[in-house]
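**Q** Listed below are the residues making up each chain.
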Amino acid sequence: MKYNQVTPAIVSQLSDIVGKKYIITDEEKMSTYSHDETPPQYAHMPEAVVIPRKAEEIAEIVKLANRELIPITPRGGGTGLSGGSIPSFGGIVISFERMNSILEIDYNNMLIVVEPGVITSEINVSLEGSGLFYAGYPMSLLSCFIGGNVAEDAGGGKAIKYGVTSRYVIGLEIVTPTGEIVQLGGKLVKDVTGYNLKQLIVGSEGTLGIVTKIILKLSPMPRYMVDLLVLFKDTRSAIRLVPKIMMECGITPTSIEYMDQLSVKTTCDYLNESLPYHNAGAMLLIEVDGNKEEHVDADADLIGELCFQNEAIEVYVADNNTTRERIWSVRRNIDEALRILSPVQTDEDTVVPIAAITEFVEEIEKIAEKYNILIPSFGHAGDGNLHPTLLKNPDSTMEEWFETEEKALRDIYGLCKKLGGKITGEHGIGCKRKKYLNIVTSEAEVEMMKKIKQALDPNNIMNPGKIFDITCSS
Amino acid sequence: MNIIIPVKQVPETSNVKMDEKTGTMIRDGVESIINPLDLYAIETGIQLKEKFGGLVTVISMGPPAAERAVKEAMAMGCDGGIVLTGKEFAGSDTWATSYALSEAIRKIGTWDLILCGERATDGDTGQVGPGIASFLDISLATYVSSVEDIDNGLMVVERLVEGGYEKLQMELPALLTVVKEISYPRLPTLRGKQKARVTEVPRWSVDSAGIDKNRIGLNGSPTRVVKIETPKVARGGKIFAAKDEESLGRAVDELVDFLVMKELI
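Heads up: the protein sequence lines correspond to chains A and B, in order. One gets my numbering by counting positions in the first sequence from 1 and adding 288 to each. One gets my numbering by counting positions in the second sequence from 1 and adding 1 to each.
Check each hint, because a few of them may be wrong.
Below, simulated EDC-like cross-link-like pairs (lysine to aspartate or glutamate); rule was C-alpha separation at most 16 Å, straight line [said to hold, decoys possible]:
| # | chain 1 | residue 1 | chain 2 | residue 2 |
| --- | --- | --- | --- | --- |
| 1 | B | Lys196 | A | Glu687 |
| 2 | B | Lys181 | A | Glu561 |
| 3 | B | Lys196 | A | Asp585 |
| 4 | B | Lys196 | A | Glu561 |
Only part of the chain B face toward chain A is listed, based on derived beta-carbon distances under 10 Å [unchecked claim]:
| # | residue |
| --- | --- |
| 5 | Ile35 |
| 6 | Pro37 |
| 7 | Ala76 |
| 8 | Asn153 |
| 9 | Gly154 |
| 10 | Tyr185 |
| 11 | Leu188 |
| 12 | Thr190 |
| 13 | Lys194 |
No lab work stands behind these hints: they were computed from the structure. Ideal placement from N, C-alpha and C gives every residue a C-beta, glycine not left out.
Bound conformation, chain B alone (with noise of 0.2 Å):
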C-alpha cells in the first residue's frame, strides 16, 4: 500500500515572537521543523508500511530549506520525499495549497492513501488536507483517532467527534486527517537520518508538477488576509454575589445552573 503524506515546515511555536507593528510573525533565526501535528500523520503512514508493505513518500510545499522537513521525515522511516517549490507559490490560501499539492499528488501516479496532520501549528486552518480529498475526488475522513482495518479496497477508520466516537467504513483511495491519539510519533534514528543526508529529494515546479500558474500564489488565491489582530486575553470572571442568608440560596442555584449549562458538572 502507498501512502502519500502532505507536510508543512511551521516556525517553532516555542519561539515566536510576533511583531508589535505589523502583527506579523517574525521568522528571522526561529527554527523551522515539521509542523508538530504532521509528525502523528508520518507515524500513522509508517506503522501501516510496516503492517501492509508499500512505499511512504512525503510532500512539502514551500521555500527550498523545505527539504529539511521532508529529510526529518525520512529519518523517521519514510521512503522519499518531494519538494514543491517556486516563487510562483508565495501567497498561496489554503485553496490554491490544495489545488497545488492535490496535482502534484496527482503526478507521482499509483497511491492509495493520504494522511494528514489535522491542521498546522502555524496557520491553523485544517482545511488543507480536506481540500485535497475534494480536488481529487477521493474519500475523506477527518480527526481520525484509529486506524482499525484494511482489507479489499475497503478500510475502517474511527474518528474523534464531539462527545464520543464514530466508525466509518470507507473506499480506498482515501485522504484521512489523524488526531494526536492515533500514534506517538517516534524519533529519528541516526540510520534513518544518514541515509536522509546522502538522498537527494527532487524539487518540482509549477511546470514539471504540471500546476496551472493562475491557479496559484497569491493571485490565485481567493482568501486574502486583511488585518491580523492579537485577541485580547480576557478571562471573563462570574461572581454570584450573596448579600444574606436569603440570597445565599439563590446565588448556589444560580452557580449550580450555570456549572450545569456549562456541562462542568
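Looking at chain A on its own, in the form it has when it is part of the complex (with noise of 0.2 Å):
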C-alpha cells in the first residue's frame, strides 16, 4: 500500500483549514499520539496531527486526504486496548479533543446530544440530579472519549442489564470517508427507514467514518444500588454460579464481574486497599439496583444465599457510594495494576457464551501452564467476557515472548473457537488482533466487509490497516 508523505505543503493546507494552533508537527508532541494503551510494538508515529473543533473542519481535511492520498486516523482518549487510534500507516491523526461540548440535554425525549471528544464519565456529571442518566459504564469512564466507545462499541461493567454502546446510540452525525458529512437515526426510539448505517458505524473502529456528533438515549437513574463482593475458594466455584445466579434468582443483575486472586492482590497492593483476598481464590462483584430499597435488599439476599448455597466463603455488602466505589476501584483498576507487575504483556478480551465461561476458565489455566506463565484472569463473567492477561516471565527474554505469546494466544483463540465464542467482545479487532480474525471469521464474512470497506472507502484512506488489510484499489 503506498500512501504519500505529508509535505509542508499539505501541513501549511491544514493549517488553514483548523488553524495554525490546531496543527502538530513537533516529533515529541506527537509521540502522545502514535500509541494508545496496547503493548509499544504497536505504535506508529504519524506525520502530523490535527485537533479540529467542527464537523465541516473535518470535511475538508478528509478531502484533501483522499486529493493526496495520505490516510487518516481518529483519535479519542488514547485508552483503547487494540491499537485503534494508532497512525499504522502514518498520515494525519484526528485527535478530538476540542470537540468537547455536551451539546443539548433533551429531557422530554430522554436523550443527550454529545460531541466525540467528551469524556464518558462527564456525561453523568452534566445529567447529576436529573434523574436519568447514560447507561455506558467502561473501566476507563474516567480518561476515555464517547467518540471511540462508540468506534469500538465499547462494553463495561454493567452490560448484564444495561446491555453496550450500541444500544444507546440512537443518531450520529458523520463524516464519510470521502468527507460527506451525514446524519444517521436521530431523536427516535425506533427507526428502519433503509439499512442501519449508525449501527454499522458503532463498532467500526473509525475505518467507515469519522463520528462527530453521537446522539445518546439515557435511562432512568435507579434510585438504590448494592454490591456484593462474594469471595470463593477457587476459580471453579466462583465461575460455576454466574450462569445460575440469573437463572435460579430469575434476577438480572446490573453487573457480574469475576476476579481472580492475583488480580486482585495486585490491584489491592497498588491502591494500597485490602481487600480479604487472602483465603479467596476469585471473587465476583454482583451489582443489582431499582428504585425500592427493600427490593434491592430483597434482591441481594436471594443472590447472596445462592451464593452461600454454592461454597461461597463469605458475602460482604456495599451499600452506599463510598463501599461500592472502594470495590469498583479495585475492579476498573486491575488492568493498570497488572501493568506494574509485568509491563510486557497482553491484556485479551474473549468472549464466549455464558454457559461456557467455567470450561473456558479451567482451559486458560491449562494454557498458563503449558508455556509457564502466568494469564490473571477478571472481567465481565455475566456476558461471557474476561480479560485474560496474559504476563511475560521475568526469565525469559523478548524473543522468548514474543513466540510464547504468539502460541499462546493462538491456542487461546483456538479454544474460544471451540465454544462458539469470539476473540473481542468489546476491545476491538484493531491493528492488534487482525492476523487472528480468520480464526473465528469465515473468509465470506471478511469479504463482505471488506466490500463494505471499498464500497465507502475507495482510495483505503480511512484508518487502514485496522480489522484487515485490504490493497489500495485506486
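Two chains, two separate frames, one set of hints: put the complex together.
**A** See the structure below:
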C-alpha cells in the first residue's frame, strides 16, 4: 500500500483549515498520538496531528486526504486496547480533544447530544440530579472519550442489564471517508428507514467514517444500588455460579464481574487497599439496582443466599457510594495494576457463550501452565466476556516472549472458536488482533466487510490497517 | 473488654454541593454515610474484641436516620448500638456534643475503652473525642496509630506525632482517637446486614439519657458559627529570577535555601 507523505505544503493546507495553533508536527509532541494502551510494538508515529473544532473542518481534511492519498486516523482518549487509534501508516491523526461539548440535554425525549471528545464520565456529571443517566460504564470512563466508545462499541461493567454502547446510540453525524457530512438516525427510538447505517458505524473502529456528533438514549436512574463482593475458594466455584444467578434467582443483575486472586492482590497492592483476598481464590462482584430499597435488598439477599449455597466463603455488602466505589475502584484498576506487575503483557478480550465460561476459565489455567506464564483473569463474567492477561515470565527474553505469546494466543483463540466464542467482545480488532480474525470469522464474512469498506472508502485512507488489510483499489 | 464507639453520620463528601448564597452545605438528596474516619475506630474496636473478647457498642447522636450509620457498624461486626436523638440536640457544638455523649456513655454502664475517629469529615474539628474523655475524666491519647498491648488495666499505644511516633502507656478506662494507619476497615457482611436489619436500635432522648437540657443544643453551646466563607484557593508561585549568568548562581542558592527552609530537601 502506497500513501503519499504529509509535505510542508500539505501541513500549510491543513493549518488553513484548522488554524496554525491546532496542528502538531513536533516529533516529541506527536509521540503521545503514536500509541494507545496496547503494547509498544504496535505504536506508529503520525506525520501530523490536527485538532479540529467542527465537522466542516474534518470534511475538508478528509477531502484533502483523498486528493493527496494520505491516511487519516481518528483518535479519542487514547485508552483503546486494540490499537484502533494508532496511525499504522503515518499520515494525519485527527484528535477530538477540542470537540468536547455537551450540545443538548433533551429531558422530554430522554436523550443527550454530545460531541465525540466528551469524556464518558462527564456525561453523567452533566445529568446529576435529573433522574436520568447514561448507562455506558467502560472501565476507563474517567479518561476515555465517548467517540472512542462508539468507534469500538465499548462494553463495560453494566452490560448484563444495560447492554453496550450500541444500545444507546440512536443518532450519529459522521464525515464519510469521502468527506460528506451525513446525519444517521435521529431522536428516534425506532427507525427502520433503510439500512441501519448508524449501527454499522458503531464498532467500525473509525474505518468507515468519522463520528462528529452522537445522540445517546438515556435511562431512568435507579435510586438504589447494592454491590455484593463474594469470596470463593477457587475459580471453579465462582465461575460456576455465574449462569445460576440469573437462572435460579430470576434476577438480571447490573453486573457480575469476576476477579481472580492475582488480579485482586496486585490491584490492592497498587491502590493500597485491603480487600480480604487472602483466603479467596476468586471473587465475584455482583451489583443489583432498582427503585425501592427493600426490593433491591431482597434481590441482594436472594443472590447472597445462592452464593452461600454454592461454596461462597463470605459475602460482603456495599450499599452506599463510598463503599461501592471502594470495591469498584479495585475492579477498574486491575488493568493498570497488572501492567506494573509485568510491563510486558497482552490484555485479551475473549467472549464466549455464558454457559461456556467455566470450561473457558479452566482451559485458560491449563494454557498458563503449558507455557509457564501467569494469566490472571478478570472481567465481565455475566457477559461471558473475560480479560485473560498474559504476563511475560521475567526470566524469558523478549524473543521467547513473542514466541510464547503467539502460541498461547493461538491456543486461547482456538479455544474461543471451539466454545462458540469470539476473540474480542468490547475492545475491537484494531491492528492488534487482525492476523487472528480468520480464526473465528469465515472468509465470506470478511469478504462482506471488505466490500463495504471498499464501497465507502475507495481510496482506503480511513484508518487503514485496522480489522483487516486490503489493497488500495485506486 | 467492652468498647464504646461514638460515630457520626456525615454527608458523602464526593457529592457535596454548597449553597453559594449562604455558604452552607446542601444536604437535601445527599447520601449520608458513617464518617469515613470513624470506620478505622470501628475496625480497631472489632479487632480488639476478636482478640480480648467483650462487646462493641456504637453510639450516634443525630437525627433518627443516624440509625442507618449504627446499623452499618453492626453489619461490620459491632454488637449493638444506640441513637441519641431529639430536637433538643439540634445545633449542639463540639462542647455540647461531647457533654451529651459523655452522659450517654456513663449511662451505658461498664466499659473499658472508647474509640473515636480522628475527626469528622464535615465539621473537621477533631474535638469531640478529647471532649468526651475530659467530661468523663479518663485517660486520652489522640492520633493513635497502633494498640500494642492491653494487660492488667494498662494499655500501650503508639501515636503519630509530628515527625515520628510516640509510645505511651496509659490506664484504662481510656479514650483513643485513631488515625487511618491503625487498620483497614472491613466491609459489612451480608449476614451482618441481615442481623442489623432485624435488630432494634434503642433511641435515647435527653430524659432517658439523663442529660441537662440547658447544656446542649444551640443555647447550651458556647460557640457560634458567625460566618462561613469558602476560602479562595490561591497557589502562591515563587519565582527565583535570574537575568544573567551572574545572578543565576544567586537565584539557585535562594531556591535551595527556600527548599531547605520548607524542609523539602
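**Q** State for each hint whether it applies.
**A** Consistency of the hints with the structure:
no.: 1; hint: B/Lys196 - A/Glu687; result: violated, 57 Å
no.: 2; hint: B/Lys181 - A/Glu561; result: holds, 12 Å
no.: 3; hint: B/Lys196 - A/Asp585; result: holds, 13 Å
no.: 4; hint: B/Lys196 - A/Glu561; result: violated, 27 Å
no.: 5; hint: Ile35; result: holds, 9 Å
no.: 6; hint: Pro37; result: holds, 6 Å
no.: 7; hint: Ala76; result: holds, 7 Å
no.: 8; hint: Asn153; result: violated, 32 Å
no.: 9; hint: Gly154; result: violated, 32 Å
no.: 10; hint: Tyr185; result: holds, 4 Å
no.: 11; hint: Leu188; result: holds, 4 Å
no.: 12; hint: Thr190; result: holds, 6 Å
no.: 13; hint: Lys194; result: holds, 5 Å
Figure legend: structure checked against the earlier numbered hints; hints not met, in rising order: 1, 4, 8 and 9.
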